[in-house]
Amino acid sequence: DTAVSQTPKYLVTQMGNDKSIKCEQNLGHDTMYWYKQDSKKFLKIMFSYNNKELIINETVPNRFSPKSPDKAHLNLHINSLELGDSAVYFCASSQATGFTDTQYFGPGTRLTVL
Amino acid sequence: QQQVKQSPQSLIVQKGGISIINCAYENTAFDYFPWYQQFPGKGPALLIAIRPDVSEKKEGRFTISFNKSAKQFSLHIMDSQPGDSATYFCAASWGTYKYIFGTGTRLKVLA
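From first to last, the protein sequence lines stand for chains G and V. Going by the numbering used here, 165 is the number at position 110 of the first sequence; the sequence numbering is gapless. Going by the numbering used here, 109 is the number at position 93 of the second sequence; the sequence numbering is gapless.
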C-alpha cells in the first residue's frame, strides 16, 4: 500500500492558469509538508500542517495556498501559475511535529508551466 | 549562515569502493543532521541521521561521521553497489520547525 500518495504525477499547464495538487497519507501521521524541488534538485520546504493547522509557512508567494481538509490530506492550490513555478512538488508526512521525526515523502508531482 | 554546503556535486565510484559525500555548515544551532537518498522519479527517503553529541553513527554499509569543531559531517557508503546509484542529500535542522537541505550529490556506482 502506498504510504504517501500524490495526484497527479505530471501536470502541464499554461501560464496564468490555476491548478491543484492533492496529497494523501495513510500512515496516521499528524504532520504533513509540501516541498519544492527545482531543476537543480534543490529541495526546499514550503508549508507544514499539524492536525490541519498551519505551522510552517516559508517565504512562498501567496499564489500558493495549502488546504488541509483532514489530517490525512494536504492539498496545494496554485493560482496564476508562472514559468518559475515549474518544479517537482513533494508531499511528506511525519508522526510528530518537528524535523527530527522521520519524514515519509510521496513520489512527487512534476509541474511544467508553459 | 543557514546554508549547508554539500560536495561533490557528482561522484562516480567502482563497485565495492567507498563513496564519500561531505557537508559543511556554519550555524552552530543545528542539532540534527539527516541524510536522504533519492532515486530517479521518487521522493527522498531518510537513510541515516545523527545528532551532534556523537561523532559517528553506522547503519549497515552507511556511516555518518560528524566533526563538531570543524562543523562538517559526511556520509560514507562502504562496499558501494550499483543499487546505491541515486542522489544523496544532507540536511540540517534547528529548533522544531527549521530545516534546510544541501544541494545534493549524484552518485553513480559502476558495475
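If you're looking for bench data, these hints aren't it; they were derived computationally from the structure. Certain hints may be false.
[Unchecked claim] Below 25 angstroms or equal to it, Euclidean Cα-Cα: the simulated SDA-like pairs (lysine to any residue) are:
id : chain 1 : residue 1 : chain 2 : residue 2
1  : V       : LYS21     : G       : LYS107
2  : G       : LYS74     : G       : TYR159
3  : V       : LYS114    : G       : THR167
4  : G       : LYS96     : G       : LEU138
5  : G       : LYS99     : V       : GLN30
6  : V       : LYS58     : G       : PHE97
7  : G       : LYS91     : V       : GLY57
8  : G       : LYS107    : G       : PRO124
9  : V       : LYS87     : G       : THR155
10 : G       : LYS95     : V       : ALA65
11 : G       : LYS107    : V       : SER23
12 : V       : LYS21     : G       : PRO124
13 : V       : LYS58     : G       : SER94
14 : V       : LYS73     : G       : ALA151
15 : G       : LYS96     : V       : GLY99
16 : G       : LYS96     : V       : LEU62
17 : V       : LYS21     : G       : LYS74
18 : V       : LYS58     : G       : ALA151
19 : G       : LYS91     : V       : ASP100
20 : G       : LYS96     : V       : SER71
21 : G       : LYS96     : V       : PHE55
22 : G       : LYS95     : V       : LYS73
Note that this is a predicted model, so its numbers are computed, not measured.
Evaluated hints:
Distance restraint check for V/LYS21 and G/LYS107: the Cα-Cα separation of roughly 33 angstroms exceeds the 25 angstroms cut-off, and the hinted pair is therefore not satisfied. A C-alpha spacing of about 24 angstroms is found between G/LYS74 and G/TYR159, which places the hinted pair at or below 25 angstroms, so the restraint holds. The hinted pair formed by V/LYS114 and G/THR167 fails the criterion: a straight-line CA distance of about 28 angstroms is larger than 25 angstroms. Taken as a hint, the G/LYS96 and G/LEU138 pair is honoured in the structure, with Cα atoms around 17 angstroms apart against an allowance of 25 angstroms.
Taken as a hint, the G/LYS99 and V/GLN30 pair is broken in the structure, with Cα atoms around 31 angstroms apart against an allowance of 25 angstroms. A threshold of 25 angstroms between alpha carbons decides the hint, and for V/LYS58 with G/PHE97 the separation of about 15 angstroms falls inside it, so the pair holds. Between the alpha carbons of G/LYS91 and V/GLY57 the distance comes to roughly 14 angstroms, so the proposed pair stays at or under 25 angstroms and holds. For the given pair, G/LYS107 sits about 7 angstroms from G/PRO124 by alpha-carbon distance, which is consistent with the 25 angstroms threshold.
Between V/LYS87 and G/THR155, the direct Cα distance comes to roughly 19 angstroms. Compliance with the 25 angstroms bound is thereby established for this hinted pair. For the given pair, G/LYS95 sits about 24 angstroms from V/ALA65 by alpha-carbon distance, which is consistent with the 25 angstroms threshold. Of the supplied pair hints, the one linking G/LYS107 and V/SER23 is violated, its CA atoms being roughly 37 angstroms apart against a limit of 25 angstroms. Note on V/LYS21 and G/PRO124: the hinted pairing is violated, with a Cα-Cα distance of about 37 angstroms set against a maximum of 25 angstroms.
Only pairs whose Cα atoms come within 25 angstroms are accepted, and V/LYS58 paired with G/SER94 is accepted, the gap being roughly 15 angstroms. At roughly 23 angstroms between alpha-carbon atoms, V/LYS73 and G/ALA151 fall within 25 angstroms of each other, so this suggested pair holds. Taking the CA atoms of G/LYS96 and V/GLY99, the gap is near 20 angstroms; set against the 25 angstroms cutoff, the hint holds. For the suggested pair G/LYS96 and V/LEU62, the alpha carbons sit about 16 angstroms apart, so the restraint of at most 25 angstroms is met.
A distance of roughly 34 angstroms separates the Cα atoms of V/LYS21 and G/LYS74; the hinted pair therefore is violated under the 25 angstroms criterion. With a CA separation close to 23 angstroms, the supplied pair V/LYS58 and G/ALA151 stays within the 25 angstroms bound. Between the alpha carbons of G/LYS91 and V/ASP100 the distance comes to roughly 24 angstroms, so the proposed pair stays at or under 25 angstroms and holds. Proximity of G/LYS96 to V/SER71 is assessed by CA-CA distance (about 28 angstroms); at most 25 angstroms being required, the pair is judged violated.
Restraint check for G/LYS96 and V/PHE55: satisfied, since their Cα atoms lie roughly 12 angstroms apart, inside the 25 angstroms limit. For the hint linking G/LYS95 to V/LYS73, the alpha-carbon distance of about 29 angstroms lies beyond 25 angstroms, and the restraint is violated.
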